Structures are given as structure tokens and as C-alpha cells.
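Those protein sequence lines, which keep their order, are chains A, B and C. Per numbering that gives the first Met the number 0, residue 0 is the first one in the first sequence, and the count goes up by one each step. Per numbering that gives the first Met the number 0, residue 0 is the first one in the second sequence, and the count goes up by one each step. Per numbering that gives the first Met the number 0, residue 0 is the first one in the third sequence, and the count goes up by one each step.
Hints listed in this document are in silico derivations from the structure and should not be mistaken for laboratory results. These figures come from a predicted structure and were not determined experimentally. Certain hints may be false.
To be verified - Straight-line distance between alpha carbons at most 27 Å, and here's what the computed DSSO-like set of lysine-lysine pairs gives: (1) LYS403/A / LYS278/B; (2) LYS83/C / LYS237/C; (3) LYS237/C / LYS328/B; (4) LYS328/B / LYS83/C.
As the list claims (entries may be wrong) - Counterexamples of contact, computed for chain A against chain B with all Cβ distances above 12 Å: (5) SER26; (6) VAL30; (7) LYS34; (8) GLY149; (9) CYS192; (10) MET199; (11) GLU233; (12) VAL253; (13) LEU318; (14) ARG352; (15) GLU369; (16) ALA375; (17) ASP379.
Cβ atoms here follow ideal geometry from the backbone N, Cα and C, with glycine treated the same way.
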Amino acid sequence: MTTPSASNEQRAINDEPIVSFAAIERSFFGVKVLKGVSFEVGAGRVVGLVGENGAGKSTLMNLLGGVLQPDAGQLRANGRPYAPKNPNDARAVGIAFVHQELNLFPNLSIAENLFLTDFPLIGGGAPWIDRSALLARATALLHQVGLVHGPETLVERLPPGERQLVEIAKALGADARVIILDEPTTSLSSRECERLFALMRQLRERGIAMIYISHALGDVLRICDDLVVLRDGERVGGGEAKEFTHDRLVSLMVGRQLNQLYPERRASRQVGSDQAAKQAPEKSAAPRLAVRSLSQPGIVRDISFDLAAGEVLGISGLLGAGRSELARILFGLDPCVSGEVRLEGRRLDGGPRRRIERGLAFLTEDRRQEGLCMEASIADNIALVTLSAHGRTPARWLDFTGIKSAVSRMREAVRLSPKATDAQAVRTLSGGNQQKVVLGKWLLAEPKVLILDEPTRGIDVGAKFEIYQLIHQLADRGAGVLVISSEIEELIGICDRILVMRQGEITGEFRCDEFDREKILGAALHSSRA
Amino acid sequence: MTRASAITIDGRRIANRIVGSEFFVLCLCGVAFTVFAPFTPGFASPENLGNILVGCLPLLLLATGQTLVLITGGIDLSVTASVGLSSVVGALVMGGDAGWLRGSPAAMPVAIVAMLATGAFVGFFNGACIAWLRMPAFMVTLTTTMFFSGFAIWLAKQVVNAESIYNLPAAFLALGHRAWLAALLAVLATVFAHLLLARTLLGRWLYAVGHNPRTSFISGVPVAGVTVGAYVLSGMFAAMASILLTARLETGSPNHGKALLLDVIGAAVIGGTSLFGGKGKVLWTVYGVLFLSLLGNGLNLLNLSDFLITIIKGGVILVAALLDVWRTKLVRGS
Amino acid sequence: MSAPNSKPFLRLLDFAPVALFAAVLLVFGLMSDKFLTVANLLQVLVQASSTAVVATGMTFVLLTAGVDLSVGAIMFVGAGLAGKMALGGQPLPLCLLVMLGVGLLGGAVNALLVTRLKLVAFIATLATLYIGRGTGRWITQTRAMNLPDSFLALGSAKWLGVPLPLWIAGAVILVAQLVLTHTPFGRQLYALGNNAEAAKKAGLRTTRLLASVYILSGLCAGIGGILALSQLGSVSPKFGELYEFDAITAAVLGGTSLFGGRGKVFPGTVLGAVLLKSIFNGLVIVQADPYLYPLITSAIIFLAVLIDGLRCRLIDRMERRKVFGS
Numbered sequence: 000m001t002t003p004s005a006s007n008e009q010r011a012i013n014d015e016p017i018v019s020f021a022a023i024e025r026s027f028f029g030v031k032v033l034k035g036v037s038f039e040v041g042a043g044r045v046v047g048l049v050g051e052n053g054a055g056k057s058t059l060m061n062l063l064g065g066v067l068q069p070d071a072g073q074l075r076a077n078g079r080p081y082a083p084k085n086p087n088d089a090r091a092v093g094i095a096f097v098h099q100e101l102n103l104f105p106n107l108s109i110a111e112n113l114f115l116t117d118f119p120l121i122g123g124g125a126p127w128i129d130r131s132a133l134l135a136r137a138t139a140l141l142h143q144v145g146l147v148h149g150p151e152t153l154v155e156r157l158p159p160g161e162r163q164l165v166e167i168a169k170a171l172g173a174d175a176r177v178i179i180l181d182e183p184t185t186s187l188s189s190r191e192c193e194r195l196f197a198l199m200r201q202l203r204e205r206g207i208a209m210i211y212i213s214h215a216l217g218d219v220l221r222i223c224d225d226l227v228v229l230r231d232g233e234r235v236g237g238g239e240a241k242e243f244t245h246d247r248l249v250s251l252m253v254g255r256q257l258n259q260l261y262p263e264r265r266a267s268r269q270v271g272s273d274q275a276a277k278q279a280p281e282k283s284a285a286p287r288l289a290v291r292s293l294s295q296p297g298i299v300r301d302i303s304f305d306l307a308a309g310e311v312l313g314i315s316g317l318l319g320a321g322r323s324e325l326a327r328i329l330f331g332l333d334p335c336v337s338g339e340v341r342l343e344g345r346r347l348d349g350g351p352r353r354r355i356e357r358g359l360a361f362l363t364e365d366r367r368q369e370g371l372c373m374e375a376s377i378a379d380n381i382a383l384v385t386l387s388a389h390g391r392t393p394a395r396w397l398d399f400t401g402i403k404s405a406v407s408r409m410r411e412a413v414r415l416s417p418k419a420t421d422a423q424a425v426r427t428l429s430g431g432n433q434q435k436v437v438l439g440k441w442l443l444a445e446p447k448v449l450i451l452d453e454p455t456r457g458i459d460v461g462a463k464f465e466i467y468q469l470i471h472q473l474a475d476r477g478a479g480v481l482v483i484s485s486e487i488e489e490l491i492g493i494c495d496r497i498l499v500m501r502q503g504e505i506t507g508e509f510r511c512d513e514f515d516r517e518k519i520l521g522a523a524l525h526s527s528r529a
Numbered sequence: 000m001t002r003a004s005a006i007t008i009d010g011r012r013i014a015n016r017i018v019g020s021e022f023f024v025l026c027l028c029g030v031a032f033t034v035f036a037p038f039t040p041g042f043a044s045p046e047n048l049g050n051i052l053v054g055c056l057p058l059l060l061l062a063t064g065q066t067l068v069l070i071t072g073g074i075d076l077s078v079t080a081s082v083g084l085s086s087v088v089g090a091l092v093m094g095g096d097a098g099w100l101r102g103s104p105a106a107m108p109v110a111i112v113a114m115l116a117t118g119a120f121v122g123f124f125n126g127a128c129i130a131w132l133r134m135p136a137f138m139v140t141l142t143t144t145m146f147f148s149g150f151a152i153w154l155a156k157q158v159v160n161a162e163s164i165y166n167l168p169a170a171f172l173a174l175g176h177r178a179w180l181a182a183l184l185a186v187l188a189t190v191f192a193h194l195l196l197a198r199t200l201l202g203r204w205l206y207a208v209g210h211n212p213r214t215s216f217i218s219g220v221p222v223a224g225v226t227v228g229a230y231v232l233s234g235m236f237a238a239m240a241s242i243l244l245t246a247r248l249e250t251g252s253p254n255h256g257k258a259l260l261l262d263v264i265g266a267a268v269i270g271g272t273s274l275f276g277g278k279g280k281v282l283w284t285v286y287g288v289l290f291l292s293l294l295g296n297g298l299n300l301l302n303l304s305d306f307l308i309t310i311i312k313g314g315v316i317l318v319a320a321l322l323d324v325w326r327t328k329l330v331r332g333s
Numbered sequence: 000m001s002a003p004n005s006k007p008f009l010r011l012l013d014f015a016p017v018a019l020f021a022a023v024l025l026v027f028g029l030m031s032d033k034f035l036t037v038a039n040l041l042q043v044l045v046q047a048s049s050t051a052v053v054a055t056g057m058t059f060v061l062l063t064a065g066v067d068l069s070v071g072a073i074m075f076v077g078a079g080l081a082g083k084m085a086l087g088g089q090p091l092p093l094c095l096l097v098m099l100g101v102g103l104l105g106g107a108v109n110a111l112l113v114t115r116l117k118l119v120a121f122i123a124t125l126a127t128l129y130i131g132r133g134t135g136r137w138i139t140q141t142r143a144m145n146l147p148d149s150f151l152a153l154g155s156a157k158w159l160g161v162p163l164p165l166w167i168a169g170a171v172i173l174v175a176q177l178v179l180t181h182t183p184f185g186r187q188l189y190a191l192g193n194n195a196e197a198a199k200k201a202g203l204r205t206t207r208l209l210a211s212v213y214i215l216s217g218l219c220a221g222i223g224g225i226l227a228l229s230q231l232g233s234v235s236p237k238f239g240e241l242y243e244f245d246a247i248t249a250a251v252l253g254g255t256s257l258f259g260g261r262g263k264v265f266p267g268t269v270l271g272a273v274l275l276k277s278i279f280n281g282l283v284i285v286q287a288d289p290y291l292y293p294l295i296t297s298a299i300i301f302l303a304v305l306i307d308g309l310r311c312r313l314i315d316r317m318e319r320r321k322v323f324g325s
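Construct all of the structure, not just a fragment, from the sequences and the given hints.
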């Protein structure tokens with residue numbers, strides 16, 4: 000990729016960086032989380048900030064946003080020392096944030112969201128909103144980011160990708176000179192990502208600087224001009240993005256040579272999934288899971304597939320292709336009008352409770368809302384699914400020692416951070432450890448079929464590897480595993496077979512000897528069976 | 000570091016430990032007792048303390064039932080209506096003048112079963128609307144309060160043409176006269192609720208539903224059933240409170256317990272149960288009930304006017320809530 | 000499959016509160032020819048005026064996901080104080096000003112408790128409810144006071160043929176409606192109620208916003224107290240009791256969510272208040288058994304809440320994302 004010449008000119012004209020960090024330090028409760036970090040962001044540059052969870056990225060951005068103050072070191076903005084005390088100070092110097100959890104208000108219109116803190120008012124000092132000015136200005140901003148919706152559309156009617164664009168429009172409306180994008184692509188389809196990147200390139204042409212934070216390293220390498228790598232609060236690398244490769248970034252981030260991103264798959268993989276079924280410890284004629292002509296109007300169409308014992312089956316496809324919806328139907332969360340699902344030959348019916356008893360497990364896409372009780376303890380979360388095994392009828396006494404030993408066994412199995420105590424609230428854990436808690440909760444039930452929806456989203460490289468290992472271990476014990484993921488590399492790395500979905504239908508099937516990124520992507524974009 | 004500052008830091012640490020501990024509200028009870036005892040004639044007499052303990056039993060039962068509902072993240076404003084309706088129903092079954100089973104030896108047991116069933120029914124109705132029709136708990140129980148207490152009055156009027164029903168059987172009134180009997184009943188019920196919450200599967204499920212109903216549902220918790228169960232239990236605890244009140248006041252009346260609603264929620268919340276669900280214990284509620292009762296009794300004995308008592312009660316709720324904010328901060332900080 | 004024919008059905012459900020309201024009017028109108036007369040309907044509106052004003056203040060609080068249980072107590076304190084002063088020979092305008100002052104003060108106390116001391120609104124206003132009730136009883140010495148006729152004259156005065164209370168209530172509702180829809184403050188309240196955390200991050204002055212809704216609610220309680228006094232002409236120890244529940248009910252009947260961020264003063268809350276009062280008025284006119292009042296009233300409210308719940312679930316189901324067009 001070449002840096003557009005316009006931004007080079009911009010740099011030449013205005014060499015002064017827009018924002019600079021010099022030897023920034025910050026501690027929490029006596030623990031240093033930033034140890035003298037320095038870097039600068041020039042006009043019209045996209046700076047990628049990468050590092051594992053806990054490396055200090057969010058602390059650094061909170062300092063920039065005025066949420067926190069540094070213990071030592073200096074921030075400069077627009078060539079002047081900059082010591083923000085609150086988010087309004089940051090706004091005043093033209094720093095805007097586009098957060099991972101969008102800060103839009105779905106109950107308000109796009110226009111109201113754009114100008115929430117400075118509505119255009121009718122002249123004369125009266126606090127009345129000037130509707131026509133509001134709509135005109137909002138329309139102009141929406142035009143800049145390429146959104147076609149009317150400014151009075153309620154935000155709750157927009158898909159996630161378009162909400163992201165509204166956030167950027169908001170930053171532009173506030174005359175931002177630096178926009179910080181924190182994991183902006185986690186809930187975007189790949190088409191929406193492309194749209195976002197195109198917009199980012201346009202903004203770069205206009206001299207707007209951006210700080211791009213993401214775990215998706217491929218995107219980082221593609222869109223960024225400069226990179227800064229953080230590890231344990233220190234800057235361990237940086238420079239122009241073209242000097243970096245994916246592997247070099249990863250080894251800088253984790254601090255050691257990471258030979259592989261995906262664990263070695265057992266030998267059976269080479270033979271193919273049918274062989275895997277035969278080699279599985281538990282032999283049974285029927286597949287673990289058999290799905291036949293599953294249909295629900297507007298959601299999925301005529302879905303049929305088998306999942307063998309010991310198989311790791313991936314489901315690829317764009318966001319919105321019906322993958323998560325399929326998983327929800329399989330687990331009994333959403334209805335379907337026709338078709339059937341059989342587990343070991345017996346028909347599955349009822350809600351989650353009945354299906355869990357039959358041996359189904361489902362790690363959902365939304366960890367916070369559907370996977371965990373955030374305020375409850377680690378132990379309570381891990382034990383939640385299997386509680387009824389420790390007390391069959393609702394009134395029966397629970398066997399607390401049994402629960403405790405099961406929890407500690409599972410903590411070890413999923414390698415949960417040993418620093419965390421059983422009674423600690425899950426809220427206090429990092430994303431990776433939270434996901435391990437969810438996984439532990441389901442593994443404790445020893446499922447026959449485990450469905451995982453985006454199991455590694457927003458999780459750092461080290462924890463990802465461990466989660467892959469756990470998936471393989473479960474398959475080796477004879478379970479069938481269904482993995483839904485937007486990252487094709489991930490599916491290629493861990494699966495025995497990959498199904499591709501598009502518009503609610505299965506449009507492609509690939510065995511492990513046919514895995515090919517381009518072909519899979521092709522099937523996701525347009526039907527390859529035809 | 001100077002000696003003085005070391006001491007203040009130590010003092011603060013001790014204060015923090017007391018405020019942060021589970022027994023904090025019990026300590027408050029101790030404080031209330033020591034404050035009242037010297038100034039209030041007759042406060043510390045065994046007779047008065049006995050009165051306090053017996054007097055707080057209906058509140059204890061109501062607040063315990065409420066705790067179960069609050070833990071699931073709901074609220075049950077209809078408990079006082081359950082008390083009134085159960086009282087009328089029970090009295091109509093066994094009452095001396097027009098009772099359905101008047102004079103029969105089966106009158107009392109049947110009446111008690113009918114009262115419990117009434118409470119359970121009101122609870123079931125609430126729970127069904129909240130769990131299956133997904134209506135907000137606050138509005139459901141607010142309207143059922145209006146409806147069932149109106150219904151209780153209407154029922155009494157229809158049958159005996161008066162709001163109060165007298166001449167209850169002596170065997171039933173014994174529950175009111177023999178304090179130990181009432182105490183036994185209430186304590187057994189409270190211990191039952193405590194064990195239920197702390198030791199059983201249903202107890203864990205109540206907390207899980209309060210923490211996050213979606214996660215719980217996906218994890219195989221029968222969320223709707225658990226929710227309905229919480230409201231049914233709350234209704235049955237209200238019926239038990241109604242039994243005690245009806246026996247003590249020797250009348251069946253739709254107005255029993257009407258003044259208790261805010262005390263019920265206040266006791267649970269002062270004890271430390273959260274209005275947002277997932278947090279609470281029966282033992283905490285017991286402390287909250289004790290505290291409110293000590294306070295009410297002490298203020299009464301001080302011969303304060305009714306309005307001053309009301310003001311002080313409001314102030315105490317405030318202080319308790321403030322201390323709770325402080326307590327949460329401490330727990331989070333550590 | 001059901002999408003095309005449930006769209007009009009959905010639109011119909013949108014009008015459910017209005018439909019319910021119309022049905023109630025119709026039933027009472029059929030039962031008594033005295034109900035659907037201009038004079039009586041005007042009477043209903045006058046009766047609803049104080050509840051509507053208090054419920055308007057409550058709507059502001061509910062929009063921020065809070066609640067104000069103390070409005071009835073604030074009305075009582077103000078009325079008690081004003082009554083004492085009126086009986087002591089003070090001029091009427093001063094008495095009314097004092098009621099407004101008490102409302103502002105009570106609201107300010109709530110605001111302080113919720114924003115500075117970070118108490119949960121339910122508990123904070125529960126406490127001020129107790130304190131207010133106690134203070135009111137202390138002021139009135141728990142006795143009923145019959146006020147000078149000037150108060151009642153206020154209630155029956157007319158301007159352009161419309162009773163004065165309606166003018167006052169109308170003005171309050173109009174201002175509230177304009178503030179909510181046409182000022183930055185109003186729109187920011189919706190944002191705050193939707194997501195307090197995000198509102199803070201977005202740079203809204205959440206403390207100030209939150210404080211002002213409690214003060215506004217207190218002020219509305221003061222005005223509502225004046226309107227109630229002008230109709231009753233006396234202060235009993237039960238003055239203002241359960242107004243908090245009436246106000247919340249009116250707001251919720253009008254579609255305001257208890258969880259914040261959703262609701263309208265007009266027509267929503269106002270309609271709710273008028274519905275509540277017309278049920279009461281109608282029951283009186285058709286000479287229903289007074290013991291049935293609470294039963295019928297609560298059944299209608301229950302129905303309204305039920306319909307609203309069903310509507311939300313239906314909208315939810317219909318807006319679930321479609322993967323492909325069917």
C-alpha cells in the first residue's frame with residue numbers, strides 16, 4: 000500500500016505533530032501501567048496502536064481523553080502543552096473518540112446524536128433548538144461520511160456499521176483534528192469494514208490524524224501509516240507500518256517468538272472428518288448433530304448438515320449471513336417453522352434447558368449480556384450451568400464441596416488467571432479471562448455438542464491460543480464442536496471442515512484439504528455452488 | 000509517620016471494617032439500643048424487649064418474602080394487599096357469625112390453608128404477569144395491590160356488610176396470645192427462607208436471575224418458573240404475616256398491614272438487599288427488621304409525637320442508605 | 000409471513016392508549032347521558048388538572064430512569080404551610096408563592112440526595128416522603144384545616160369561559176412539552192435516561208441535568224398542590240397522599256418507560272391523567288358501588304399496562320433483523 004501523496008505534502012507543510020506523548024507514566028494502586036511511553040501523531044497519519052489486553056492502550060487513550068491524568072511526562076496538542084482535566088478539554092482541542100461500545104443514544108435521531116452537546120440555537124440567546132439549521136448541518140455531515148439516511152432517522156433503526164459512521168460524523172461535526180478509533184470493526188461486516196476504511200482514507204487526505212486501536216492485526220497493517228506496539232506499559236516497537244509483518248507484530252506484542260497462532264491439530268485432521276468420527280473414543284452410528292432442512296422465513300433457508308463426533312466444524316460468512324441466527328435456532332432460543340435437529344439420532348426440542356440436558360452447549364456472541372453475570376463471582380458463573388447436577392430437584396440441598404472442587408478443577412483446565420479469587424466479580428476480569436469463565440461454565444457440563452459464536456472476539460493473542468487448545472481438547476474427547484467466526488484464518492487454523500453461509504443459506508462446504516481463503520470468501524460473497 | 004496519624008489511620012481502618020462487614024446493621028441495632036436504653040423509661044425491660052420481638056414478627060415475615068423477590072430484581076408492592084385479602088378470606092372461613100365453617104373443628108386448619116392459598120394465588124398472578132407477559136413488576140404489583148385490597152374490602156362488605164369480621168375461633172386466637180407460638184412460626188419460616196436462599200438450587204437460581212436473566216436463561220435456568228416461584232413465596236409469607244396479625248388483633252380485616260409497605264421495603268434495603276437484584280440475604284433483612292422495630296419502639300416510648308417519629312424514620316432511612324453507599328464504595332475499593 | 004398484515008395491526012396498537020380512553024368514555028356515555036356533556040367533561044379535566052401537572056413533573060424524572068415518591072408529601076407540606084398562613088391572614092398570592100417555594104425546596108433536597116450523595120432515587124425520595132409527611136403533620140398538628148374561600152374562588156374562576164385551573168395546567172403542560180421536544184436540555188434528558196454512562200462520556204452535564212429534573216418535579220408538585228387546594232378548599236392530614244402513585248400511573252399509562260429514555264408529556268402523560276380521572280368521574284356518575292371503584296380502576300390500568308407490554312414485544316419481534324427478504 001502506498002501512502003497518498005497528499006498526506007505527505009501535508010506533513011511537509013505542517014511538520015508539527017498534532018498530538019505527542021513524551022515519557023508518559025501512570026500508576027494504579029502503586030502498580031505502574033505506563034512506563035515512560037513516547038510517540039507522536041502527525042497530521043493526516045493513521046497511527047496503529049497495538050498490544051495485548053492490559054498493555055496500557057486504554058490507559059493511554061484515557062489520558063488523552065482527559066478521563067485520567069498522567070503521573071509524569073508531558074502531553075502536547077497542536078504544539079502546546081496539553082493537560083486535560085475532563086472530556087470537554089479533549090473536545091476543545093479537537094480530539095474525538097469512536098469507542099468500541101458506541102456512545103450513541105438509540106432513542107434519539109441521528110441529528111440529535113450529532114449535536115447533542117452543541118445544538119444550533121435560535122438567535123437571541125433563547126435555548127430553543129433551531130430545527131432547520133440542525134437538519135441542514137446534520138445532512139451535510141452525513142453526506143461527508145456517505146450515509147444516505149435522513150437526519151431525523153432514529154439511531155435504533157441503523158445497523159451497527161452505519162452507527163459507526165454516525166460516530167465518525169459526530170467527530171467531524173466537532174471539528175476533530177484527531178480521531179481515536181477503539182476496536183471499531185468488532186461488530187462490522189466485512190463490507191461495512193471496507194466502507195469504514197475508505198472513509199478513513201478520505202479523512203487522511205483532509206489532514207485528519209487518527210489513532211487506530213485493534214486486535215485485528217491484518218486490518219491494522221492494511222490501514223495504518225505508523226505503528227506503535229505496547230507491551231506491559233512500555234513501547235516495545237514502532238515505526239512505519241510497511242516495516243512490519245504480521246508475525247513480527249505478534250512477537251513484539253507477546254514478547255516472545257510465537258511459533259504458531261493455532262495449536263497443532265491432531266493427526267486425524269489430515270485424514271478428513273469422516274475418519275475423525277471413526278477414531279473418536281465413543282463410536283455411534285448417528286452423527287453427534289444432524290440438521291435437516293431447517294427453515295425460518297427471513298432468517299435461514301433449508302439448512303442441512305451433519306456434525307460428527309470429534310469434529311470441529313466452522314461456519315464462515317459475512318456478518319448478517321444468518322450464522323448467529325442459525326446457532327440460536329439450534330439452541331432453542333429462536334423459533335423455526337420447519338426442519339429438524341437430531342442429537343445422536345434423537346430429535347432435539349424444547350428450550351435451552353431441555354437441550355442442555357441432552358448435551359448441547361452454546362457460547363454466545365455477546366459475552367456481557369448473554370454469557371456472564373458480570374456482578375456475580377467467578378465461582379457462581381462457572382457453576383451456573385451444572386448447578387442442577389448438584390441438586391436434582393429445586394428444593395434439594397446443594398453439594399457445596401462438590402461445586403467448589405468442580406470449579407477449581409475447571410479453573411485449572413481453562414487456565415484462568417491464578418491471581419483472581421473464586422469470589423471475585425467477573426466484571427473485574429480481562430476479556431480473555433471472562434471468555435475462559437464462559438467456556439469453563441460450558442465445559443463443566445461435558446457437552447456432546449458445543450456451539451461457539453465468535454469465541455475469540457476482542458481477546459488478545461495469548462488467550463486466543465489457549466481457547467483454541469481447549470476447543471481441540473474437547474473435540475479429542477469425542478464432542479462435536481461448531482465454531483462461528485468472521486475471521487477466515489481462524490477457521491482455517493482450527494477446523495476440520497468449514498461451511499459457508501450467505502443470506503441464510505449454506506453456499507459452500509470445504510474439507511480441510513480444500514481450505515483456501517479466497518474460495519471461502521468467494522462463497523461468502525456470492526454463491527460458489529452454482 | 001507520627002504516632003497520632005498512625006492512630007487515626009488505625010481508627011479509620013477499624014471503622015471501615017465495621018461498616019464493610021455483614022454485621023454492620025446489627026451493630027447499628029446495638030447503637031440504637033444503647034442510645035435508647037438510658038433515656039427511655041422501660042425500653043430495656045425484658046417485657047418491652049419481648050414486645051419488640053413479638054411485634055416485629057409480621058414485618059419480619061413480609062420483609063423476608065420481599066427479599067426473595069428483590070433478589071430476582073423485582074419488587075412486590077402487593078404484599079399488603081395479600082395480607083388484607085388473606086385476613087378476610089381466613090375470617091370468612093372460620094368467623095363466628097357468618098363463617099363458612101363456623102364452630103367446626105376443621106375451621107382453623109382449613110382457614111389457614113385458605114389464607115396461604117390466597118397469598119400464593121396473588122403471588123402467582125403477579126409472577127405470571129411478570130414472567131410470562133413480561134409486564135414491569137412495579138406496575139403489575141401496584142395495580143394488583145389496588146385490585147386485591149379493593150376486592151378484600153368489597154368481599155367483606157358483601158358477606159358480612161362490614162369491613163371487620165369478629166368472633167374468630169379461640170384455637171386460632173391462641174396464635175396471637177401465645178407469643179412463643181407466633182415466634183416459632185415466624186422463626187421457622189425465616190429459617191426456611193434463609194436455607195432456601197443459601198443452600199438450595201432454587202436459591203442460587205434466584206440470585207442468577209437477579210444478576211442477569213438472559214444469561215441465566217441461556218445457561219438453562221428456568222427463569223420464568225424461578226420468577227413465579229419468588230412471587231408465590233412472597234405471597235405465602237404475606238399470608239403467614241396475615242395469620243399472625245389476624246390472630247393478634249382478633250379480627251379479620253382488609254386493612255391489616257396496610258401501613259407496613261414502606262417499612263417492608265425499607266427493612267430489606269436497610270439490611271443491604273439491592274433494589275437492582277442479585278444481592279441480598281435473609282439474615283441482613285432480619286437485622287433491618289430488628290433495627291426498624293427497635294427504632295420505632297424507642298421513639299414511641301420517648302413519647303414523641305407521631306409526626307416526629309415519621310420524620311425520624313425518614314431520616315434513618317436516609318442515613319442507612321448513605322452508609323450503604325459508603326459500604327459499597329469500600330467493598331469496591333478493596 | 001405475518002409481516003404484511005401485522006403492520007396495520009401494529010399501527011392500531013400504537014393507538015391502544017387512545018383507544019382504551021375512547022372505550023372508557025363511550026361505556027360511561029352509554030350508561031349515563033350526564034357523562035358525555037361539555038360541563039361534565041370540563042369537570043373531568045379540572046379534576047385531572049392537579050394529577051396531570053404532578054405527573055408532568057414525574058415524567059421528567061422517569062425519563063432519567065429515576066422516580067420521585069415524595070411529590071405527595073411535598074404537596075402536603077406546601078398546602079399545610081399555605082393554609083396556616085392564609086388562616087393567619089396572609090394574602091393569597093404570598094401563600095401560593097410559599098407553596099411553589101416549598102416545591103422547589105423539596106425538589107432541591109431530592110436533587111442533592113440523588114446527585115451529590117449518590118443515593119438511589121427510590122430510597123432517597125422514600126425518605127423525603129416520610130420526612131415531608133411528618134413535617135406536614137407537624138405544621139397542621141394533624142388536624143384538618145378549612146381554608147378561606149379565596150382558594151375555592153381560584154378553582155371556580157373562569158377566563159374566556161375556561162376554568163382557571165385548566166389554564167394553569169395547560170400552561171405547565173405546554174411549557175413542559177416544548178422544553179422536552181425543542182430545547183437542548185430536553186433532548187439531553189432523553190440521552191441521559193437511555194444511558195447515563197454514555198451521556199457522561201459524551202460530555203453532558205449529567206449532574207446538573209439530574210438535579211434539575213428533581214427540582215422541576217418538586218415545582219410541579221407545588222403547582223399541583225395549588226390546583227388541588229383550589230378544588231378541595233381544605234387541607235386534611237391525608238392531603239396529597241398516594242399522589243405519587245397516581246402520577247407514576249398516569250405517566251406509565253401514557254407510555255413513559257420506568258427504565259428511562261422513553262415517554263412524552265403530551266399526549267402521553269396528560270392522556271393518562273385524564274383517563275384516570277374520567278374513570279373515577281364516570282363511576283360516580285353511573286352511581287357504581289363505591290367499593291368497586293378500586294377494582295374497576297385497577298383493572299383498566301392493568302389492561303393498559305398489559306397492552307403496552309404486548310405492543311413492545313410485538314415491535315421487538317417485528318424489528319428482529321432479517322437475513323434475507325422473504
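Hint check:
no.	hint	result
1	LYS403/A / LYS278/B	holds (20 Å)
2	LYS83/C / LYS237/C	holds (16 Å)
3	LYS237/C / LYS328/B	violated (39 Å)
4	LYS328/B / LYS83/C	violated (44 Å)
5	SER26	holds (16 Å)
6	VAL30	holds (15 Å)
7	LYS34	holds (25 Å)
8	GLY149	holds (32 Å)
9	CYS192	holds (28 Å)
10	MET199	holds (34 Å)
11	GLU233	holds (28 Å)
12	VAL253	holds (31 Å)
13	LEU318	holds (21 Å)
14	ARG352	violated (5 Å)
15	GLU369	violated (5 Å)
16	ALA375	violated (5 Å)
17	ASP379	violated (7 Å)
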